[in-house]
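Trainee: Starting from the given sequences, assemble the full structure and let the hints guide the process.
If you read the sequences in order, they're chains Z and S.
Here the numbering used here is used: the first residue of the first sequence is 339, the next is one more, and so on.
Here the numbering used here is used: the first residue of the second sequence is 9, the next is one more, and so on.
These are computed hints drawn from the structure, not numbers from a lab.
Among these hints, one or two may not hold up.
Stated by the list, open to error - In silico DSSO-like links for lysine-lysine, alpha-carbon gap of 27 Å or less:
1. K10/S with K134/S
2. K446/Z with K482/Z
3. K649/Z with K482/Z
4. K222/S with K192/S
5. K369/Z with K446/Z
6. K325/S with K379/S
7. K379/S with K369/Z
8. K446/Z with K399/Z
9. K369/Z with K318/S
10. K134/S with K652/Z
11. K369/Z with K325/S
12. K379/S with K316/S
Unchecked claim - Derived Cβ-Cβ restraints for the label pairs, each shown as a range:
13. G313/S with G588/Z: 29 to 37 Å
14. R111/S with E545/Z: 48 to 56 Å
15. I699/Z with K10/S: 24 to 32 Å
16. S382/Z with E42/S: 39 to 47 Å
17. A345/S with S352/Z: 32 to 40 Å
Stated by the list, open to error - Covered stretches of chain S, going by a simulated chain Z footprint (3 or more residues, C-beta under 8 Å):
18. 323–329
19. 351–360
20. 365–375
Quick reminder that beta carbons are idealized off the backbone N, C-alpha and C, glycines included.
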Amino acid sequence: MAAKRESEPNSLASEWGPSTRAVHAGEARQKVLNAITDPIVCSSTYTFSDTQAVIRYIEEKQPREEYGRYGNPSEKVVEGKLAALDGGEEAVLFASGMAAIVGLLMSKLNAGDEVVFFDECYHRSREFCTRHLSRFGVVTRQVKTCDYDAMEAAINEKTRLLVSESPTNPHLSVVDLSRFGEIGQRNGVETLIDATLATPFNVRPLEHGINYVLHSATKYLGGHNDLLAGVIVGQSERLEEVRALRGIMGGINSPHNIYLLQRGLKTFALRMQRHNENGQAVAEFLEAHPRVERVYYPGLASHRYADVASKTMKGFGGLVTFTLKDADWKQTASVVDQVQLFRIAPSLGGVESLIEQPLVISYFECTPEEREQFGISDNMIRLACGIENSTDLINDLAEALDQ
Amino acid sequence: MKFRTRAIHVGNRRDPQTGAVVPPIHLASTYVQESAGEWGEYDYARSGNPTRGNLEETMASLESGVGALAFSSGMAAIHAAVMLCQAGDHILAGRDIYGGTYRLLHQIANRSGVEVSLVDTTDTSKVAESLRESTRLLWIETPGNPLLSITDVAGCVEAAHAHNVRVAVDNTFPSSVLTRPLEKGADIVMHSATKYLGGHSDVLGGILVVGDQKLYEELYFIQNATGAVLSAFDSFLVSRGLKTLDLRMRAQCESAMEIAQWLDQDPRVERVLYPGLPGHPGNQIATQQMDGGFGAMVSFEVVGGYEKAKSIVETTKLFQLAVSLGAVESLIEQPAAMSHASYDAADRAAHGITDSLIRISVGLEDIDDLKADLDQAFNG
Chain Z
339 MAAKRESEPN SLASEWGPST RAVHAGEARQ KVLNAITDPI VCSSTYTFSD TQAVIRYIEE
399 KQPREEYGRY GNPSEKVVEG KLAALDGGEE AVLFASGMAA IVGLLMSKLN AGDEVVFFDE
459 CYHRSREFCT RHLSRFGVVT RQVKTCDYDA MEAAINEKTR LLVSESPTNP HLSVVDLSRF
519 GEIGQRNGVE TLIDATLATP FNVRPLEHGI NYVLHSATKY LGGHNDLLAG VIVGQSERLE
579 EVRALRGIMG GINSPHNIYL LQRGLKTFAL RMQRHNENGQ AVAEFLEAHP RVERVYYPGL
639 ASHRYADVAS KTMKGFGGLV TFTLKDADWK QTASVVDQVQ LFRIAPSLGG VESLIEQPLV
699 ISYFECTPEE REQFGISDNM IRLACGIENS TDLINDLAEA LDQ
Chain S
9 MKFRTRAIHV GNRRDPQTGA VVPPIHLAST YVQESAGEWG EYDYARSGNP TRGNLEETMA
69 SLESGVGALA FSSGMAAIHA AVMLCQAGDH ILAGRDIYGG TYRLLHQIAN RSGVEVSLVD
129 TTDTSKVAES LRESTRLLWI ETPGNPLLSI TDVAGCVEAA HAHNVRVAVD NTFPSSVLTR
189 PLEKGADIVM HSATKYLGGH SDVLGGILVV GDQKLYEELY FIQNATGAVL SAFDSFLVSR
249 GLKTLDLRMR AQCESAMEIA QWLDQDPRVE RVLYPGLPGH PGNQIATQQM DGGFGAMVSF
309 EVVGGYEKAK SIVETTKLFQ LAVSLGAVES LIEQPAAMSH ASYDAADRAA HGITDSLIRI
369 SVGLEDIDDL KADLDQAFNG
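Mentor: Right, here's the structure in full:
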């Protein structure tokens, strides 16, 4: 864990509101050279004054830097901020969201162990488990999302980890986190929630008894579509191995990138309020539109998980998925191609609004049967609402839908 | 498109080479040409850089101008505007202008034979009276610093334009979110981009925006000839800051208003200077001139004089003791001991800067945390 520095106001962080945390948590009040912002420390290695200093560092486990792959001062600041935002003891930062989940899975699972997933999960996470972890003798079991009985039934004495996203992508299914955590605790199995779509502004899974929360920090945390990063937050003791393995596998983040993440986090609370407002406004607009068949958004009363969502989440983010009435994949694509403000691209969580047709962007190489299994229909569109004025977003969609 | 949407999209078009949603940071200092004597869009980075150009395009849109120029600091931008004047020309400037502008006008511009005089710009009739035959430029700043005096931009424009005098407005305090002087007839808008535009205390920069193509070309010539351009990295950081400018500014204004109202009814406070309060002499003009907010700077005088003010600025835990303003972090300072310490006591008094005056720059922290911090500092 990052050493607490003198004059660091971190002891206050738990009492601060979300925006104050976003600006100040993890940072020393008095910084190097009395600068108001932290420096970008690019050094790949760190010097020792003499041989005795090296020996003291090893024997006394002194909290100092050694080599960039094992840690970096800029990184410690951001890890402190991310831990404070999620109400966790510690955060471990990775080069990407995938590097983070791979880092956690590799450090927790041995040959013969089993992991159970709710099936609506990021397809690359699934691919890593089924194609790569399987090579090391780890068994992956998938059960239907939010089928808690099925999850419990899938647990046996070899199960080590229960994994889900919440909300899921692109269906925005919302997991009852307390129930999920309780199943893990009762069975002595650790739990991981990928809360990328929710962010710590809207829900803090650790407070619901979850062991690890994972974010692709590329999305809302960075927030400007200009960096890749991933993070795992949890108890320090549980993360010790994760950090150690990161130092060996090397999926660390660069100091320049980390600075952009820190800078992005300063406006995190502000941006999330707007993403939440825009998501809700766009979802309500779409639900009332005659060409729209169905809208997936946890803030709508019609959503399958509206009840769980309203009880556990402060807001529902900028991701809105919908299907068009009587439209084949080409007619759906033409709506995507008509929008002017939303840009066609994968990813989400940045200030710029994005649009994609899941069939084309993420599932183009799947068979129709596979797509049906994943719930990806031909007439489905996914929006990642940014922080523009909601009227501009709605006008853009209205024009595209009215073509 | 609305202001916030433009701040995100104008000047940030999809990269044609890669499709990147965020334009690349172009670091090249020079550009390869097709043939000798035939220049491409870019030649040498002082004359033009795509990353700086993107920022300039966004700023021109946000200020409703025809073109913008990005400089390496606010002072570099002001200097470029002042270089429009020649020996024998007169510049009329506000009494409450930034100290750095005062120094530039009185210790640098004077060397080229440019004459300078100051006037209380809160009184438009005094501005009209102070214009001379040789006046070429009227330089105003609103709200003023640190007393947050309000100058009527449209009134000054009317007075100056009647004498063919150009009006330049330092728009740093309200930012383009709250005031867009070109829409009120001003000729030049200047920003210290270091403040709200960058917004994260990590860039120095200056911006000029103009509403006239010929004036743009004149200023471009000066910028290219003198060379104080904004770096590509810093242009990127300012552009990134602009994407949250509207959100930041409005949230910070809202907190500033609440703090001003709270201080105004507090017996530990003598007087609050905030244009959003009905008792402020500039409240009426500010309400008309500023778009839905009164800025995030609040000045106030405390009961207990110099010592009490000093103790408060040294006791806050969230507000950090520093000059500058406009960023996500809240700052606090005592003008008599810090930003205006170089004036002698009599000069400070003449400017209305008392020993018990405190100036705060309200950041993005939660309002309850900021109030609690000030409260404990008052009691400390």
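Trainee: Hint by hint, say whether it matches the structure.
Mentor: Hints, verified against the model:
Between K10/S and K134/S the CA atoms are separated by roughly 37 Å; this puts the pair beyond 27 Å, and the hint is violated. The straight-line distance between the Cα atoms of K446/Z and K482/Z is roughly 23 Å, inside the 27 Å bound, and the hint therefore holds. Our distance criterion of 27 Å between C-alpha atoms is met by K649/Z and K482/Z, whose separation comes to about 22 Å. At most 27 Å may separate the alpha-carbon atoms for a hinted pair to count; K222/S and K192/S meet this at roughly 19 Å.
Restraint check: the Cα-Cα separation between K369/Z and K446/Z comes to about 36 Å, which exceeds 27 Å; the hinted pair is violated. Simply put, K325/S and K379/S have alpha-carbon atoms about 11 Å apart, close enough for the 27 Å limit, and the pair holds. Distance check on the hinted pair: K379/S and K369/Z sit about 24 Å apart at the alpha-carbon level, within 27 Å; holds. Annotation: proposed proximity of K446/Z to K399/Z holds, straight-line Cα distance about 24 Å (limit 27 Å).
Proximity of K369/Z to K318/S is assessed by CA-CA distance (about 22 Å); at most 27 Å being required, the pair is judged to hold. The hinted pair formed by K134/S and K652/Z fails the criterion: a straight-line CA distance of about 54 Å is larger than 27 Å. Proximity of K369/Z to K325/S is assessed by CA-CA distance (about 14 Å); at most 27 Å being required, the pair is judged to hold. For the given pair, K379/S sits about 18 Å from K316/S by alpha-carbon distance, which is consistent with the 27 Å threshold.
For the pair G313/S and G588/Z, the beta carbons lie near 59 Å from each other, so the given range of 29 to 37 Å is not met. A hinted range of 48 to 56 Å holds for the C-beta pair R111/S and E545/Z, which are about 54 Å apart. Look at I699/Z against K10/S: about 28 Å separates their beta carbons, and that is inside 24 to 32 Å. Evaluation of the 39 to 47 Å hint for S382/Z and E42/S yields a pass: the beta carbon distance comes to about 40 Å.
Here the CB-CB span from A345/S to S352/Z is close to 34 Å, well matched to the stated 32 to 40 Å. Counting residues of the region 323–329 of chain S whose C-beta lies closer than 8 Å to any C-beta of chain Z gives 3; at least three are required, and the coverage claim holds. Requiring three or more residues with a Cβ within less than 8 Å of a Cβ of chain Z, the coverage given for the region 351–360 of chain S is violated, as only 0 such residues are present. Proximity of the region 365–375 of chain S to chain Z, defined as three or more residues with a beta carbon under 8 Å from a beta carbon of that chain, is established by the 4 residues found.
In summary, the numbered hints that this structure violates are 1, 5, 10, 13 and 19.
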